[in-house]
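Visitor: Sequence:
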Amino acid sequence: MTDFDAAKRARPLKRSDMPPDYAISLDRYINRDGTGGGFREDEKCIPTDFGVLQPMGGFEEAYHNIIDYIVRITYRIWEDRDVEYIGDTYSADCMVFDDYGLQCGCEKIISDTHHTLGAFTNIKLIADEIIWAGDDENGYHTSHRTIIRGTNDGDSKYGPATGKTVDVLVIANCVVRDNKIFLEHVLYNNSALVEQLGVDLHEVVQNMVAVPPAGWPRDDATWHQLRNATNPGMPISVSESLDGFDIDRFSRDACEMVWSAQNYKEMTRFFSSEISFAGATNRTAEGLDGYRNAHRSIMDCFTVDNFSVDEVYWMGNGQDGYLVSVRWSMDAEHAGSGAFGPATGNPVQLWGLSQYKVIEEKIVQEWTLFNELDLQIQIAAARSKEA
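For the sequence shown, UniProt numbering begins at 1 and goes up steadily by one.
Keep in mind the hints are simulated off the structure, nothing from the lab.
Accuracy of the hints is not assured; some may be wrong.
[Unchecked claim] Listed below are the simulated SDA-like cross-link pairs for lysine to any residue, each with C-alpha atoms no more than 25 Å apart in a straight line: (1) 164 / 221; (2) 164 / 118; (3) 108 / 64; (4) 108 / 52; (5) 164 / 138; (6) 157 / 228; (7) 157 / 234; (8) 180 / 290; (9) 164 / 104; (10) 108 / 35; (11) 44 / 219.
[What the hints assert, rightly or not] Computed spacing ranges between beta-carbons, pair by pair: (12) 244 / 49: 33 to 39 Å; (13) 244 / 80: 31 to 37 Å; (14) 85 / 157: 19 to 25 Å; (15) 114 / 163: 34 to 40 Å; (16) 23 / 274: 45 to 51 Å; (17) 11 / 265: 16 to 22 Å; (18) 82 / 167: 22 to 28 Å; (19) 244 / 124: 53 to 59 Å; (20) 287 / 224: 16 to 22 Å.
Backbone N, C-alpha and C define an ideal beta-carbon position, used for all residues, glycine too.
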């Protein structure tokens, strides 16, 4: 079986795959108040009650539901330091699309995890949110928003130990069946991590141009696989249309408006006036003006071509609100000067993972990461060729 065949094992989701409530959710699992508020400093990472039972055919009997599975395998691997357990929870031919390209096979993940634990010996991965859909027969899809905290007391891929403490966001979208994750799209807030380490970001980028990380640069076939894995082709809002408010159509339109059309006059259609935003490289905002400025700091540098919302899934309902996972991608041209330096005019690949909290048909909170460090490497590599 080829890598692309492995990715195709992930069947695109249908409307019936979306949980209509929060009976199985991270909030209920951890016993948080409310919905979608994220991590609280006083909460237990692992509860004494693992929650309601859900069909988990092919999974280890210990796991009650998909939330329980994601939380406890993460804790066991990272906090109990049982790194080899990755071999039981990732398939031998798994495909992991990260900031740089495609990583294949659980042995690569095991090696990378050992390296990270050596660089941050007190590292903790804290579950901030998990959005899920699907079932045990065709695969559970999960969007796991995680807070990584730790002290850099060992050498890392970015250089010698700095002794600095880091606190960064990660979003990992996985598909899992029979106890094993076989497809993952994951973005680390790597540019923020480098800055928090006190390392010169420009120097790191130049070093990675000279000695590229594994998987970089991604070729056209990998880019095609990244964008099309689990992509339904026809949006659910078209193939299974609804009268009235449709969270699939709403989320797709909101994402396209911000990242592609950039029609900021339309923001009030989708976003609360009190929108709270957390993004890549420490971009945060409260309110529409700050949110617009955060996005413009990125997109004023690029002319968009071939934008795509690649996957949308959600939990919830109109009364209680929705938690939504959106994966998106685009080809673009580095056409404007700004946060990424003087314009080069070169083509770039840009992709991201977003999570929306939607209340009364407005996005009130958003968390978004994109391949920012990779983007900086792409631009620096283009400059080096012109020099």
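Visitor: A range of 19 to 25 Å was offered for this pair. Does it hold for the Cβ distance of residue 85 and residue 157?
Guide: holds (23 Å)
Visitor: Can you tell me whether the CB distance of residue 11 to residue 265 sits inside 16 to 22 Å?
Guide: violated (38 Å)
Visitor: Between residue 114 and residue 163, does the beta-carbon spacing fit 34 to 40 Å?
Guide: Violated: the Cβ-Cβ distance is about 21 Å, outside 34 to 40 Å.
Visitor: Between the beta carbons of residue 244 and residue 49, is the distance compatible with 33 to 39 Å?
Guide: Check passed, 37 Å falls within 33 to 39 Å.
Visitor: Below or equal to 25 Å on CA atoms is what counts here, so check residue 108 against residue 35.
Guide: violated (35 Å)
Visitor: Evaluate the given range 45 to 51 Å for the C-beta pair formed by residue 23 and residue 274.
Guide: violated (28 Å)
Visitor: Is the straight-line distance between the alpha-carbon of residue 164 and that of residue 104 25 Å or less?
Guide: Measuring from Cα to Cα gives roughly 31 Å; hence the hint is violated.
Visitor: Just to be careful, I want the Cα atoms of residue 157 and residue 234 compared with a cutoff of 25 Å; is the pair within it?
Guide: This hinted pair is violated, its Cα atoms lying about 40 Å apart.
Visitor: Is the Cα-Cα distance between residue 108 and residue 64 25 Å or less?
Guide: violated (28 Å)
Visitor: Sort out whether residue 52 lies within 25 Å of residue 108, counting only the CA atoms.
Guide: Between residue 108 and residue 52 the Cα gap is close to 34 Å, so the pair fails against 25 Å, i.e. violated.
Visitor: Under the criterion that the straight-line Cα-Cα distance not exceed 25 Å, is the pair residue 164, residue 221 satisfied?
Guide: Answer violated: residue 164 to residue 221 is near 38 Å, above 25 Å.
Visitor: 16 to 22 Å was suggested as the range; check whether the CB atoms of residue 287 and residue 224 agree with it.
Guide: violated (38 Å)
Against the hints set out earlier in the document, violations occur for numbers 1, 3, 4, 5, 6, 7, 8, 9, 10, 11, 13, 15, 16, 17, 19 and 20.
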